[in-house]
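Trainee: Letter by letter, the chains look like this.
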Amino acid sequence: MSKRLFVKGNEAAAMGAVEAGCRYYFGYPITPQSDIPEYLSREFPKLSGEFIQAESEVASINMLLGASACGVRAMTSSSSPGISLKQEGISYMAGAELPGVIINISRSGPGLGGIDASQADYFQSVKGGGHGGYHIPVLAPNSVQEMYDLTMHAFDLADLYRTPVMLLGDSVVGQMKEALVPNPRPVRDLPEKGWAVRGKGGAEQRVVKSLFLGDGELEAHNWRLHAKYQQMKEKECLSEEHDTADAALLVTAFGSLSRIAHTAVTMAREAGLKVGLFRPITLFPFPERALAEAAGRAGKVLVLELNTGQMVEDVRLSVGAGVQVSFYGRPPGAGSLPSPEELFEVIKKHYVQAPN
Amino acid sequence: MRYDVVIAGFGGQGVLLAGNLLSYAALEEGKNVSYYPSYGVEKRGGSATCTIVIADGAVGSPVVGHPSMLVVLNQASLDRFGASVRTGGVCIINSSLVDVATLDRKDVKIVPVPMNEIALGLGDPRMVNMVALGAYVALSGAVEFASLAGALKEALPERNHRFIPANVKAIEAGAEIALGKKA
Amino acid sequence: MQQVFKRPQSLKDVQTHFCPGCNHGTIHRLVADALDLFGVQQTTIGVASVGCSVFLYGYFDVDVVEAPHGRAPAVATGVKRARPDRFVFTYQGDGDLAAIGTSEIIHAANRGEDITVIFVNNTTYGMTGGQMAPTTLVGQKTSTSPYGRNKAKDGSPIRMAELLAQLGGVAFSARVAVDSPKHLMDAKKQIREAFRFQVEGKGFSFVEVLSSCPTNWGVTPLEGNARVGAEMIPYFPLGIFKNQGNP
Chain L
0 MSKRLFVKGN
10 EAAAMGAVEA
20 GCRYYFGYPI
30 TPQSDIPEYL
40 SREFPKLSGE
50 FIQAESEVAS
60 INMLLGASAC
70 GVRAMTSSSS
80 PGISLKQEGI
90 SYMAGAELPG
100 VIINISRSGP
110 GLGGIDASQA
120 DYFQSVKGGG
130 HGGYHIPVLA
140 PNSVQEMYDL
150 TMHAFDLADL
160 YRTPVMLLGD
170 SVVGQMKEAL
180 VPNPRPVRDL
190 PEKGWAVRGK
200 GGAEQRVVKS
210 LFLGDGELEA
220 HNWRLHAKYQ
230 QMKEKECLSE
240 EHDTADAALL
250 VTAFGSLSRI
260 AHTAVTMARE
270 AGLKVGLFRP
280 ITLFPFPERA
290 LAEAAGRAGK
300 VLVLELNTGQ
310 MVEDVRLSVG
320 AGVQVSFYGR
330 PPGAGSLPSP
340 EELFEVIKKH
350 YVQAPN
Chain C
0 MRYDVVIAGF
10 GGQGVLLAGN
20 LLSYAALEEG
30 KNVSYYPSYG
40 VEKRGGSATC
50 TIVIADGAVG
60 SPVVGHPSML
70 VVLNQASLDR
80 FGASVRTGGV
90 CIINSSLVDV
100 ATLDRKDVKI
110 VPVPMNEIAL
120 GLGDPRMVNM
130 VALGAYVALS
140 GAVEFASLAG
150 ALKEALPERN
160 HRFIPANVKA
170 IEAGAEIALG
180 KKA
Chain B
0 MQQVFKRPQS
10 LKDVQTHFCP
20 GCNHGTIHRL
30 VADALDLFGV
40 QQTTIGVASV
50 GCSVFLYGYF
60 DVDVVEAPHG
70 RAPAVATGVK
80 RARPDRFVFT
90 YQGDGDLAAI
100 GTSEIIHAAN
110 RGEDITVIFV
120 NNTTYGMTGG
130 QMAPTTLVGQ
140 KTSTSPYGRN
150 KAKDGSPIRM
160 AELLAQLGGV
170 AFSARVAVDS
180 PKHLMDAKKQ
190 IREAFRFQVE
200 GKGFSFVEVL
210 SSCPTNWGVT
220 PLEGNARVGA
230 EMIPYFPLGI
240 FKNQGNP
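Residue numbers (numbering that gives the first Met the number 0), protein chains in the order written: chain L, 0 to 355; chain C, 0 to 182; chain B, 0 to 246.
These are calculated hints, taken from the structure and not from any lab test. All figures in this text were calculated on a predicted structure; none of them were measured in a lab. Accuracy of the hints is not assured; some may be wrong.
What the hints assert, rightly or not - Calculated pairs, SDA-like style, for lysine to any residue (alpha carbon to alpha carbon, straight line, at most 20 Å):
#1 C:Lys-152 x L:Leu-4
#2 L:Lys-199 x B:Val-39
#3 C:Lys-108 x C:Leu-121
#4 L:Lys-199 x B:Leu-183
#5 B:Lys-11 x L:Gly-200
#6 L:Lys-2 x C:Ala-154
#7 L:Lys-199 x B:Pro-7
#8 L:Lys-208 x B:Gly-57
#9 L:Lys-208 x B:Thr-42
#10 L:Lys-2 x C:Glu-28
#11 L:Lys-199 x B:Pro-180
With the hints as constraints, model all of the structure from the sequences given.
Mentor: Structure below.
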């Protein structure tokens, strides 16, 4: 085992990117993710990498598009308002089927909002965000270790499916420090990038584009993208369960809130309540099947989110009509982060003792 | 075992460094740690708070609503967090700057430590955070003192390593006061 | 018999979608000529923009990345940083470069990215049907300035070649026209010059080409070329505004 390091989540993500072989970063400063560009601006020059602090989020996502079109591993990072600006480029990348990693250490809104931990951008992240009806894989780490591991995974997914991939965190997982074991990267079989522009060199012309004007071309393209999303749903769902086997109430939360929820669930167990935790790690593809199974056993689901109710819609779609779904939300803002004790109270309120 | 503590003060008092140091020490001992900072927009003068959880097993929530121990370095932090300490918990208060009487709790142990006076007595007013840390470690037993000394090397940039002996002295001074040996 | 004129190798043998009298075809040819001259066709990555120039990949036989509207200089930046040994150029219209893409062009130029930008200024949004552009002349009627561009409300047309010449990262900035054989020959020369800057690694090079858009101007091809000379050149003077190369 490698030595345990003590680093911030944001730094862990940047380290994961380096380990994944990413050498191109394009970004624009915004709180609370600036540790990522700060780290990479320091490390990339030593690795012959390219770091550009761009004039805007719009420019940085398009620089990513250009570098990615050349077949190199590249990334950007930002926080919610900046991600809004990047949506145009993300849509173009999804349309042109370009890999790339986007780290979103999200903050609260709408508008300028605040810098506190928030899950208000669940919809924006998993439902497309930009125009044209696309999806991108969205990974929601809940620890410093996962900021590292899932960043590496994001680069693999991006190359496997030729798609932008988002790592969705917040100031809790971004700013907190924990032990990090920089595990070596598991080797995955990745396809050749036979589509990347390189200068013809006497061979066939290559074009990276999202414009399809021929009869039926765009429809076929959309169905092909759809098939790709279905394949992701089949193969790439990740989730985690704790104490769900005999649970009479299934608590569901993602990202940083799942950490707080886990402790609350432990408190409930200590109090004799049969409560379990289901935590989606991929928000797209959403782990529908695993959730449906766990929820079917419990018969009752309580969804916790740092917003007024977004993932709860995907939970309802996943579990079907036979399962009772309730919601508890803490919209973002200074001092809004619930404590495990508060969530325990919420759990108690929603828990109904199963009849013996 | 599981230890949790909230350390709070204003920016510039070294609250985050104290939290970092405690975390490094726990990590050195092979424990699991989460260190969760929150601070105001200002670098100095704003509020600075960190929550540290140390556990043999999984840390769980990095956010703690009712800490078993609270260390406050200024009045605003006591006003904000004083009520949150768990019943039976401990509240270590910098009595140099904080009116201890403002904490109306009979269900927690209150330990006033004149941190600024002690630090001044040692010749460096910036050591307030180390005095606080020493008091906390003495009362909680969360980490060994030896680990703290080792952790100073990790937590401090190399150019400040010459201050390590003075820091260790401040930690010891805080511990002694907290344990009542010199009270 | 000796062949004295042929299609440049870098251009595909296809019919273009351009309107009668449009100068894009001519400008494409000049650019392709320069690619051939420097022998960079096989190492070129072009960046297409949004507008009439979007089909770049259909006419140029080089690798192409299509950029969102206005973002070509940012995309080209990413391409060039990833492949510094490749020849990278963008081809952009006036709406693309001088309105929605001003931020990207100014900063790519200011960073001194080692790319070449061909900027086609025809004082209108061609593809979308002749709306007012940032380069539309004062008094010029377009589909969104039916009473003529009003300086008080719409501002003055932007002179990009002069504006960019002010920036430290720009090595070469020129404005040319293709309305007459004489201007065309000079245009050919300056486009080559701009390409030479990149081939020799001398920094950001920029050529603004004044172009006719007879369809949206509502004139014949000949009248279009005449307007370039009579109305555009007096406001958009031809010339080299910056040249940091060694002669």
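Trainee: Decide, hint by hint, whether the structure agrees.
Mentor: So, going through the hints one by one against the coordinates:
1. C:Lys-152 x L:Leu-4: It holds: about 14 Å lies between the C-alpha atoms, which stays within 20 Å.
2. L:Lys-199 x B:Val-39: Between Lys-199 of chain L and Val-39 of chain B the Cα gap is close to 10 Å, so the pair holds against 20 Å.
3. C:Lys-108 x C:Leu-121: 27 Å, violated
4. L:Lys-199 x B:Leu-183: 29 Å, violated
5. B:Lys-11 x L:Gly-200: Roughly 16 Å separates the two Cα atoms, so the pair holds.
6. L:Lys-2 x C:Ala-154: Status holds; Cα separation ~16 Å.
7. L:Lys-199 x B:Pro-7: Holds - the C-alpha atoms of Pro-7 of chain B and Lys-199 of chain L are around 16 Å apart, at most 20 Å.
8. L:Lys-208 x B:Gly-57: The hint holds at about 12 Å.
9. L:Lys-208 x B:Thr-42: 19 Å, holds
10. L:Lys-2 x C:Glu-28: 13 Å, holds
11. L:Lys-199 x B:Pro-180: Not satisfied, since the Cα-Cα distance of roughly 33 Å exceeds 20 Å.
Taken one by one, the earlier hints fail for this structure at numbers 3, 4 and 11, listed in ascending order.
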